[in-house]
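*Asks:* Residue numbers (the numbering used here), protein chains in the order written: chain A, 1 to 206; chain B, 207 to 412; chain C, 413 to 618.
In case anyone wonders, no lab produced these hints; they're calculated from the structure.
The beta carbon of each residue, even a glycine, is placed where N, CA and C say it ideally should be.
Do not rely on the hints blindly, as some may be mistaken.
[Claimed, not checked] Lysine-lysine pairs mimicking PhoX-like chemistry, simulated, CA-CA at most 25 angstroms apart:
id	chain 1	residue 1	chain 2	residue 2
1	C	K616	A	K146
2	A	K204	B	K299
3	A	K204	B	K293
4	A	K87	A	K29
5	C	K499	B	K410
6	C	K496	C	K441
7	A	K93	A	K29
8	C	K496	A	K87
9	C	K558	B	K410
10	C	K558	B	K235
11	C	K496	B	K410
12	C	K558	C	K505
13	C	K558	C	K441
14	B	K352	C	K505
15	A	K146	B	K235
16	B	K235	B	K290
17	B	K410	B	K352
18	C	K616	A	K84
19	C	K441	C	K499
20	A	K204	B	K290
21	C	K616	A	K93
22	A	K146	C	K441
23	C	K505	A	K29
24	B	K352	C	K558
25	B	K410	A	K204
26	C	K441	B	K410
27	A	K204	B	K352
28	B	K235	B	K293
29	A	K93	A	K146
30	A	K146	A	K204
31	A	K84	A	K29
32	A	K29	C	K616
33	C	K505	B	K410
34	B	K352	A	K29
35	A	K146	B	K352
36	B	K352	B	K235
37	C	K558	A	K146
[To be verified] Covered stretches of chain C (chain A as the covering partner; in silico rule of three or more C-beta atoms under 8 angstroms from a C-beta of chain A):
id	stretch
38	461-469
39	535-544
40	554-561
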Amino acid sequence: MAFTEDVFHLMNIVGLLAFAITGSMKAIKEGLDLFGITVLGVMTALGGGITRDLLINTVPNALRSLSDMSIALLGVCIAIVLYKVSKSDLQNKYYILIPDAIGLSAFTTTGAIIAYSADVSFFGIVILATLTGVGGGLISDLLLGKVPFILRDDFYASCSVLGAIGFYIAINSTENLNIASAVCAVVVFALRIMAIIYGWRLPKFS
Amino acid sequence: MAFTEDVFHLMNIVGLLAFAITGSMKAIKEGLDLFGITVLGVMTALGGGITRDLLINTVPNALRSLSDMSIALLGVCIAIVLYKVSKSDLQNKYYILIPDAIGLSAFTTTGAIIAYSADVSFFGIVILATLTGVGGGLISDLLLGKVPFILRDDFYASCSVLGAIGFYIAINSTENLNIASAVCAVVVFALRIMAIIYGWRLPKFS
Amino acid sequence: MAFTEDVFHLMNIVGLLAFAITGSMKAIKEGLDLFGITVLGVMTALGGGITRDLLINTVPNALRSLSDMSIALLGVCIAIVLYKVSKSDLQNKYYILIPDAIGLSAFTTTGAIIAYSADVSFFGIVILATLTGVGGGLISDLLLGKVPFILRDDFYASCSVLGAIGFYIAINSTENLNIASAVCAVVVFALRIMAIIYGWRLPKFS
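If we strip away everything but chain A, and leave its shape as in the complex, we get (with noise of 0.2 angstroms):
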């Protein structure tokens, strides 16, 4: 059990890390100043999370804890040493592409298991997870003027919607949470990598 949260726990930092580093790449390249590159870092790694946190009626974690926040801005720092000795933005390389995964996965689980403790729907619970996991590039795209590209393409928040339906159906057989964030964060995980390898995409119909 330690082993697991040691685990997921450090799955999270993983994930604060990856997305605060591709959120403030993001900012660099739009040619955003220190302050929107922070602000779009932290947003990246935290919007989520913040905003689960709104729906659900709780002054966010971010706000009361200092590790989140202390972990995003280092994700910032190392996107702007990155960019200065890199002069590339890393984006669909696989050294961020899976950190980037591993904190959809980690995301996602924690949403759905804040989602279920607060007594929501079958419906909630899955916006919620898959809000948490996605939330936060929704809102950097949303402050760079573009259309988020989570709406647009790619089989990204899609596994987010299934991880938690996983979760939701893995809940009710076996009534242990443990088990059900297993299965949320392996199904995110497997489905978000085979998505890459295998360039999936949801159909559209314009």
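Given the structure of chain A, go ahead and fit chains B and C onto it with the hints provided.
*Replies:* Same frame as chain A, but now just chains B and C:
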């Protein structure tokens, strides 16, 4: 009384369907994928009520009940089928404008009733009623990277504002919630239909 | 003490007016209609405080009191009259930049005081104080489909960040809320005026 409640309940369902259909249609036209289409349809239908619930510090009903979300998802499916069949987006057609006006009327009235019970000021009632009516469309425009059309054109949000003022006057003169609700619903619907027929516009100053 | 409170109260009124005027002016220039102009003016003035109240789980004061909203609406009217008379938008004029700096100072300080009483971390105080100061402008830029200017340019939000840090140091060394508030207000105002005079900018890395 039971009859009035049934009418109001029916108006809300018509509104959820109409809003979900118009939101999904916009998303299809903008080239979003299936996830984006679903998010846009659902947010157009439920976004106003969710924002209102956030502002009065309640866990949004949309996360707790199954019915609203199910109706919104049904609207998304209808939009996709209609688009495949008709290859046109139905905007500005009377059979979408009239259900949309019914939805605006029902949502604004729901918003006014909930705001009234939340102990806010006159401005609070007007803001929350209007936001319940037009917030979903505003959010979906923002997600598509557009300036919300209710801020630029048309006599749309103004119907909600005037309906909410009618609600406020009626509740303070009669102290009867049923009468005030009926006044609100009739004012919003009548003004909106007249705005469509006569092409009303608000002044600009630029 | 009563004198200090009066000064602070006056600063808040000046800020609400200045923010509402600049927000409405932006909306007029962008060709929004009367409803859009009102929404932009009101949100620029009240949006920061509303977002802060949402984050600390309170029904926004703007929905409960009549005064803030009335002042904001007065600012909208002034903006329309000024625009009709002068046919110019007053941006970057000293008689709008100085009231705007007073508003930034007053709002940031209000945000810091409220955050302090809400039992959040150091980061929570900085985020909520800054958001109270710059959130309204950020929201109005987003509603106009623009990348918020505070993320791209100028030394504006940075004044709030440094003022909030000053507040945090002062409150922890003196435990006197009046002193900490005065430090915050003076730091924000002085930095903002110097930023305007000397054209300060934050670094970019792209």
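*Asks:* Now, for every hint given, state plainly whether the structure supports it.
*Replies:* To see whether the hints hold, each was checked on the structure:
no., hint, in the structure
1, K616(C) - K146(A), "20 angstroms, holds"
2, K204(A) - K299(B), "23 angstroms, holds"
3, K204(A) - K293(B), "13 angstroms, holds"
4, K87(A) - K29(A), "10 angstroms, holds"
5, K499(C) - K410(B), "13 angstroms, holds"
6, K496(C) - K441(C), "12 angstroms, holds"
7, K93(A) - K29(A), "16 angstroms, holds"
8, K496(C) - K87(A), "49 angstroms, violated"
9, K558(C) - K410(B), "20 angstroms, holds"
10, K558(C) - K235(B), "22 angstroms, holds"
11, K496(C) - K410(B), "11 angstroms, holds"
12, K558(C) - K505(C), "22 angstroms, holds"
13, K558(C) - K441(C), "14 angstroms, holds"
14, K352(B) - K505(C), "29 angstroms, violated"
15, K146(A) - K235(B), "17 angstroms, holds"
16, K235(B) - K290(B), "12 angstroms, holds"
17, K410(B) - K352(B), "19 angstroms, holds"
18, K616(C) - K84(A), "11 angstroms, holds"
19, K441(C) - K499(C), "10 angstroms, holds"
20, K204(A) - K290(B), "11 angstroms, holds"
21, K616(C) - K93(A), "23 angstroms, holds"
22, K146(A) - K441(C), "22 angstroms, holds"
23, K505(C) - K29(A), "32 angstroms, violated"
24, K352(B) - K558(C), "10 angstroms, holds"
25, K410(B) - K204(A), "37 angstroms, violated"
26, K441(C) - K410(B), "10 angstroms, holds"
27, K204(A) - K352(B), "20 angstroms, holds"
28, K235(B) - K293(B), "10 angstroms, holds"
29, K93(A) - K146(A), "22 angstroms, holds"
30, K146(A) - K204(A), "19 angstroms, holds"
31, K84(A) - K29(A), "12 angstroms, holds"
32, K29(A) - K616(C), "10 angstroms, holds"
33, K505(C) - K410(B), "23 angstroms, holds"
34, K352(B) - K29(A), "22 angstroms, holds"
35, K146(A) - K352(B), "10 angstroms, holds"
36, K352(B) - K235(B), "14 angstroms, holds"
37, K558(C) - K146(A), "10 angstroms, holds"
38, 461-469, "holds (count 4)"
39, 535-544, "holds (count 4)"
40, 554-561, "holds (count 5)"
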